[in-house]
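**Q** Can you build the whole structure from these sequences, using the hints too?
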Amino acid sequence: MKKSLIVSFILSAFLVTTLSGCGSTSTAVSGSTDTKVPATAKTEKSTTLRIGYQKYGTVNFLKANGELDKVLKEKGITIQWTEFPGGPQLLEAMNVGSIDVGHTGEAPPIFAQAAGTPLVYLGHEPASPASEAILIPEKSEIKSVAELKGKKVALNKGSNVHYLLVKQLEKAGLKYEDIQVVFLPPADARAAFEKGSVDAWVIWDPFFSAAETSAKAKILADGKDTVANHEFYLATRSYAQSNPETVKTLLEQLAKVDTWSKDHPKELSETLSPQLGIDVPSLERAAKRRTYGIQPIDDALLSEQQKIADSFFKLGLIPKEINVKDAVLPATK
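What the sequence shown shows, in mature numbering (1 follows the signal peptide of the UniProt record, and there is no 0), is residues -22 to -1, 1 to 311, in sequence order.
Where hints are given, some of them may not hold.
Stated by the list, open to error - With a cut-off of at most 30 Å between alpha-carbon atoms, the simulated DSSO-like pairs for lysine-lysine come out as follows:
| hint | residue 1 | residue 2 |
| --- | --- | --- |
| 1 | LYS244 | LYS48 |
| 2 | LYS153 | LYS292 |
| 3 | LYS266 | LYS149 |
| 4 | LYS194 | LYS153 |
| 5 | LYS135 | LYS266 |
Unchecked claim - Simulated DEER-style distance windows between Cβ atoms:
| hint | residue 1 | residue 2 | range |
| --- | --- | --- | --- |
| 6 | LYS298 | GLU61 | 26 to 32 Å |
| 7 | ASP288 | ALA71 | 25 to 31 Å |
| 8 | GLY174 | GLU52 | 49 to 55 Å |
| 9 | GLY94 | HIS242 | 36 to 42 Å |
| 10 | GLY94 | ASP276 | 22 to 28 Å |
| 11 | ASN43 | PRO96 | 25 to 31 Å |
| 12 | SER192 | LYS51 | 34 to 40 Å |
| 13 | ASP203 | GLU172 | 27 to 33 Å |
These are calculated hints, taken from the structure and not from any lab test. The C-beta atom is built at its ideal place from N, Cα and C for all residues, glycine as well.
**A** Shown next, in the form of structure tokens:
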């Protein structure tokens, strides 16, 4: 399916859903069952869009080019941008009502849904398995994931790389309990990694590429043939239902900046470098190994997410079983 048709599908499906969701009932576009919308659903349109973003990703690119701010300003809507060190922190903010929309990888929405965050999936980027990895210091003698047994491994708790670690350990015949997991946000993990306080670091781009470039970190294993590593666009259910036109505009602008970013990795990196404090070569490396092209939430994607959720529950990483489809608006169920 051509990219333009995919984007069109997302936007039209989302608009139908949210417009229906503002009334007393909404009809599932891909099914015949009517789904009741809670009577408490917010119906007031907002003149402010509060966006949570991370140090890298399509939403970050969108902030950098300023186009969404201009388009929404013409509609009487202002944007409040808030940066977060990772997806878990971003979704914690969404849970307490501090932001309306944001982007994360695969794992954070699962942890957040298990914690009761009222989120819904809006769309996603294609798989980018090479954009996250388990790193080891340049002079490390570790040669395989199996050799991480008993070692200290740093990662951001609840982030996308949490699942990468789980799957790589399984692949190597190790249990999650066989290693010493050290939960640290990216900046602290980088410091611990360079000091030798941890033996390995599981991290995503652009922190991953920056560690390769400046710290000469080595890749022990990346996500290829192990995980998908999707980037998701998420919103609170109340905001999505009450502001379909604003979300439609957001998705349109994300699609545009996605197309531009794919074809201009160097220009993108030069724009982001002073904002992120990361050198251009590292950002360009990260830009070239990720994938682009906003896609709809479909059954195949939901099945992948459900597998991650089930895996986390079995490991005791989330407190209860969840149904990922409960975090999808009716039109995409």
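**Q** Using the beta carbons of GLY174 and GLU52, state whether their distance is inside 49 to 55 Å or not.
**A** Cβ of GLY174 to Cβ of GLU52: about 53 Å, so the range 49 to 55 Å holds.
**Q** Is it true that ASP203 and GLU172 lie within 27 to 33 Å of each other by Cβ?
**A** holds (29 Å)
**Q** Given the hint that LYS135 pairs with LYS266, does the C-alpha gap stay at or below 30 Å?
**A** holds (26 Å)
**Q** Does the Cβ pair ASP288, ALA71 satisfy 25 to 31 Å?
**A** Holds - the Cβ-Cβ distance for ASP288 and ALA71, about 26 Å, lies within 25 to 31 Å.
**Q** Indicate whether the distance between the beta carbons of GLY94 and ASP276 respects the range 22 to 28 Å.
**A** holds (25 Å)
**Q** Is the straight-line distance between the alpha-carbon of LYS153 and that of LYS292 30 Å or less?
**A** Holds - the C-alpha atoms of LYS292 and LYS153 are around 12 Å apart, at most 30 Å.
**Q** Under the criterion that the straight-line Cα-Cα distance not exceed 30 Å, is the pair LYS194, LYS153 satisfied?
**A** Given that 30 Å is the threshold and the Cα spacing comes to 28 Å, the pair holds.
**Q** Can the suggested window of 34 to 40 Å be confirmed for the beta-carbon pair SER192 and LYS51?
**A** Given a distance of about 38 Å, which is inside 34 to 40 Å, the answer is holds.
**Q** Mind checking the hinted window 25 to 31 Å against the Cβ distance between ASN43 and PRO96?
**A** holds (30 Å)
**Q** Return holds or violated for the Cβ distance of LYS298 and GLU61 against the range 26 to 32 Å.
**A** holds (30 Å)
**Q** Lying within 36 to 42 Å: is that true of the beta-carbon distance GLY94 to HIS242?
**A** Check passed, 40 Å falls within 36 to 42 Å.
**Q** When you check the alpha-carbon spacing of LYS244 and LYS48, does it fall within 30 Å?
**A** Satisfied, since the Cα-Cα distance of roughly 24 Å is no more than 30 Å.
Violation of the numbered hints given earlier is absent; every hint is satisfied by the structure.
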